[in-house]
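Residue numbers (my numbering), protein chains in the order written: chain A, 65 to 800; chain B, 6 to 154; chain C, 12 to 137.
Just so you know, these hints were derived from the structure itself, not from any lab.
The beta-carbon is built from N, C-alpha and C at its ideal position, and this holds for glycine as well.
Hints are not guaranteed to be accurate.
Restraint-style ranges between C-beta atoms, simulated for each label pair [claimed, not checked]: (1) A:N727 to B:Q154: 55 to 61 Å; (2) B:T60 to A:V426: 29 to 35 Å; (3) C:S81 to A:A316: 25 to 31 Å; (4) A:T761 to B:Q28: 39 to 45 Å; (5) A:E353 to B:Q154: 27 to 33 Å; (6) B:H86 to C:G134: 36 to 42 Å; (7) A:V426 to B:H86: 45 to 51 Å; (8) A:G306 to B:S115: 49 to 55 Å; (9) B:T60 to A:R309: 38 to 44 Å; (10) A:E353 to C:S81: 19 to 25 Å; (11) B:Q154 to A:Q566: 24 to 30 Å; (12) B:E141 to C:L38: 32 to 38 Å; (13) A:V426 to B:S115: 30 to 36 Å; (14) B:Q28 to A:G730: 47 to 53 Å.
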Amino acid sequence: MARLSLNQRVQWLPLAVTALCTTALALLLFSGVQLAARLQSASSALQLASALSSQPQLLRSELTLIQRGLETQTYVGDSLRSLAAGRASSNHAYTRLATAMHDAGLATRSDTAALYTQARTNWQPLDSGLAGLEKSRSGELYADSAGGSALTASGTALKRTVDELLASQSRNTSALAGELGDLAALLRAAVVHDGQSLRALLLGGAGLASLLLAMMLYFALRAGKAARAAGEAQRQIGNILGTVREGLFLIARDGRIGGAHSDSLVALLRAPAPAGQTFEELLRPLVDEKTLLAASKFLGLLWKDKVNEELIESVNPLNQIEVNFHKTLGAAAEQRYLSFSFRRARAASGATDFVLGVVADVTDRVLLQRELEQLRANNDSHSALLMQLLQAEPLQLQSFLNNVEVGVRRSNALLRSPGIGSAELQHKQQGVFREMHLLKGEAASLGMDSFVERTHAIEELLASLREKSALAGDDFVPVVVKLDELLGHKQLIAAMQERVDQAKSAAASADDIPPEHHGDTAVISTRTQPAAATATAAAAERPAGLEQTLQRLAREVSAPGGRQVRLACEGLDRIPADYAAVVRDICIQMVRNAIAHGIEEREQRAAAGKPPTGAIRVRFAEASPQEYSLLIEDDGQGLDPARIRDRALERGLLDVEQAAALNQSGAYRMIFQPGFSTASEVTEHAGRGVGLDIVNTTVRECGGRIGISTQPGKYTRFKMLLPRHDASAPSHSSAA
Amino acid sequence: MTLETEVGVFVSGVLNYFGTTVQQAAQCGTPHLALGERPEMSDYTGVIQVSGKRTGLVAFTAPKSMLSVMLMRMQETDMSHENLCDLVGEIANTLSGNARRDFGHQFQISVPEVVSGRGGTLAYPAQGRPIVIPIEWRNYHARLIVCLQ
Amino acid sequence: MDAPLHRLLVVDDSNVIRKRIERANELPEIEFVGSARNGREALELYSLLRPTLVTMDLTMPEMDGAECVSKLVQRDPGIRILVISALADKLTAIDALEKGASGFLCKPFTDRQLNDALRKLIGAES
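This is chain A alone, in the form it adopts within the complex:
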C-alpha cells in the first residue's frame, strides 16, 4: 500500500516540475520576443527622430540658398527640388515615427507623446509654407532684357515667399530642432531601458533552462535508481517463483490467471503456462463437474467482501482432490492428490484485487495414509482358505471352529463387563489376550493360517495396549472390530466346511465314478476320511485327535528353531469328555513352551552331552479316585532361578528388594505371572509370555493345582492335579 503511493508521487513530481518550468520558459521567451519587437521599434523611432532633428536646419539652409540664388539670379532649380524632397521625406518620417513610437509603446507615454505633438505642430507651418512655395513656382523666374537679367513676376513672387518663410520660420525651425533633439534623447533612453530589460529577461530564461535541465537530469537519475530497485525486486520475486515447490498463481476478478506464477504450477498441473486462462478452464480437466461447480462457487465467495475468508476455509472443495493425469509425452499416466488453498490479496483501497491460489501435491501424504489402511485390511483369497479346510481333519476343524466361537464369546463377555479403570482395562486386555493366544496355538497346530493371522493380529493390538500408560475404552475399538471380523471369518469357514463335507459325502457315495472326473484335490484327500465321520461331527474331540495335534504342533514349532523333538504321549485316550477341552488347551500350551523354552538347539545339546533329539512326554492318568494327573516333561535346559529373577525385575513384576528376597520356589512361581516370558524374541510360536499364565488360570478355574520340578540343564516337569467332578466340570462350552 505504502509502496504504491510512493510510486505515484515519484511519477507525478517530475512531470509537474517540468511542466511548470516549460510554461515559465515559454512565457519568458514570449515576453522576450515582445520586448525585442518594442526595442526594434524604439530604435527605429530613435533613428527617425535623430534624422528629423537635423531636417529643419537643412531646409532652412536650402531656403537661404534659394534666397541668395534669386538675388543673384543664379539657378535655384536644384535647391527647389531638394527642398521638395526634404519636405516629403520629413512628412514621411513623421508618419513612420508615429508608427514606430506606437509600436514601441511610446505613443502613450506622456513626455514622448507631448514632444512628438509639439514637434508635429511646429512642423505644420513650415510644411504648409514649403508646400506653398512649391505651388507658387511656375514659369520662368528670370527674364533676360537689355538691361541684363531680371526677376520675372513669378521669380519675384517666389522670392517674396522665400523671404517671408525664412523670416516667419526662423524661430520655428530652431524650436523644432530642439524638440526633435529632446525626443531623440528620450527615445535613446527608452531603447537603453528596453535593452536592459531584454538582457535581464534572457538571463532569466537561461537560468530557467538550466534549472529545467538540472531537474530533468535529477529525475532521470532517480527514475533509473527506482527502475534498478524495481528490477531487483522483480528478480527476487522471479527467484521465489522459480524455486517454491507450491504452485502459486493469482486469479483476477474475471477468473483469469495472472502472468506471474511459480514454475512448479506448470509441473503440478501438467498443463502449459496458464496465463490468460480462467481458473475454471485450468481446473476443468482435473476434476469432475460437481467439484468444478463447487470450486467456482467457492472462488466466487472470495470476491464477496461480506464473506469472511477465515470462516469459510472448512468448506473449500479443493482441499484435497484426486487427479488423474493422462499419459503425455513427458510423463506417464498417474494419479495424484492436490490440495488448493486460496487467499485474498487486497489493494490499497481495501477491496479484493486478486485471489492468491496455492496448490500443493499431497500425494505422498494421502498414499501413506491409504497404505496404512491397506495394511490393516486383511485380504486372503478363498482358494487359500479352501486348501486349509481340505488339509484339516473334519472333526478337529469342527471342534476348532467351536472353540473360536467360544473364545470370541468369552472375550466379548470380558469386554462387556463393567469397569473402565486402568487396572480393569488391563485385566480385560490380558483376558482377551489369553483367549486369542489359545486360539492361535490351536490354529497353528491345525495349520489354519487364516486364523493364526487373525488371532495374531489381535494379540499384536492387545500387546500394544499393554505398553500404553493410560488405557482408554476406545483403544479397544480395533480389537472389537477384529473380534467381529474373526467371528465372521469363522462363520465363513463353517459354511465352506459344510460345502466341502457335502462334496466329500457326494464323492464317497459315488465311489464308482473315477476321481479324475471331479478334477479336484479335495476328492483325493477325502479317501483317508470315512464319509460317515462327518455326519457325527460332535463337539467332543477324540483323544487320538489330540495326540495327532500335539505331534503336528511339535513338528511345526521345532522346525524353524533348529531343534529336534520326539513327543511321547500316554493316556490321552482316557481323558474324560468334561476335561477334553481344558486338557487340550493345557497340552498345546505346555508342549509349545517346552519346545520354545525348554529343549535346546542341537549344538547346545551336543555340548551338554545330551542326545540331539529332545524328548517330551505327556501323560494323562487317574492319580487317585479324586484327581486326574497331567504330566508334561521335557529333558531341556531346566528352569534357572537367577534368570527368572532378572527377567521379573526387567519386566517390572518385582522391585529390587522383592527380587533379592525371592527364593527358589518363589522364582518358579514367577513364571506363572502374567506378562512373564523368558523368550526374548516374540514369534508366533514362542508366544508372549502368557502361556503358563493361561495354564495356571485354567487349572485354578478347574479347582486344580500345578507343581514344578526342575533341574538346571537336565529337565523340567510340570505336574497338574485336576479334581474329578464328573458332572459339573467346567469346560469351554459351559463357560460361554
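Got chain A; can you put chains B and C on it based on the hints?
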C-alpha cells in the same frame, strides 16, 4: 476405509461432542459385540441410518438423567421431553454430519430420528452384529451402537 | 472505541442449541435479540427485531437455512450471517454462502470457537 476406522470416527465424534458442547470429557468403556441379542436401549435414542458402501445404523442411546445433566451443563433449565429428544437428536445429527465430512460420498446418511422409551427397537440389518461402545460420563451410562455391514 | 452494537438472531431447530448460542455469546458488542426455530419464523422475527447478525442452521423444517439466508439478504444486504451446521456437504454450505452468508462454523463447537467465529464475523466489516 476399514470398519475400525469408521467405528473410530463415530466414537471420537461422540467423545468430541462431550468435549466441546458440555466441556466435560466423557470416557469410553470397552466396546463389545451384541451377540445373539439386541443391544439394550436407554430412555432416549438418536438413530441415523447408513447406506452406500456399508448399510446399517448408528445410534446414541442415553438415560434421561444423563441428558438432563447435560442440559444443565449447557445452562438449560427446561428438562422437558422435547428438549431431551432435541439433545439426543442433535448428538445423532452431529455424528451424521461429521461422518459425511469424514467419509465423503461413500455413505448416504439419513436425517436423525429420535426414539424414546426403553422398549423401542431399531431396524438392525439382518446379518450384522452390533458393536456396543459404552459411554461413561459422570457416573451415567450411555451407549453408542454401531451396526454396519 | 465506540463499537456499534450488533443485534443477534439465532436460527436453529434445536431448542438446546438456540439457548446455548444465546448463553455462549460473550462479546459485549453483540446483543442477543431473539431466536427462531426455522426459516419462516426467522423471517417473521426479522421484521420485528431488525437483527444485524444471524446464526443459521441449514437443515430445518419449514424453509431451510439456505433459502432463509437469501430472503434475509434480500431484505437487508448488510446483514451478517454465520452458518452453523454439522458439515454435511460442502456444496450445500457454499450454496448458503453464495446466497449471502458470511461464514461457516462446523458443529459441534465449543463456546470459544463460537465466540471466535462471531468476533471474526463482526470484525469483517470495519
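Hints, verified against the model:
no.	hint	in the structure
1	A:N727 to B:Q154: 55 to 61 Å	holds, 57 Å
2	B:T60 to A:V426: 29 to 35 Å	holds, 31 Å
3	C:S81 to A:A316: 25 to 31 Å	holds, 27 Å
4	A:T761 to B:Q28: 39 to 45 Å	holds, 43 Å
5	A:E353 to B:Q154: 27 to 33 Å	holds, 31 Å
6	B:H86 to C:G134: 36 to 42 Å	holds, 40 Å
7	A:V426 to B:H86: 45 to 51 Å	holds, 48 Å
8	A:G306 to B:S115: 49 to 55 Å	holds, 52 Å
9	B:T60 to A:R309: 38 to 44 Å	holds, 43 Å
10	A:E353 to C:S81: 19 to 25 Å	holds, 24 Å
11	B:Q154 to A:Q566: 24 to 30 Å	holds, 27 Å
12	B:E141 to C:L38: 32 to 38 Å	holds, 35 Å
13	A:V426 to B:S115: 30 to 36 Å	holds, 32 Å
14	B:Q28 to A:G730: 47 to 53 Å	holds, 50 Å
In this structure, none of the earlier numbered hints is contradicted; all agree with it.
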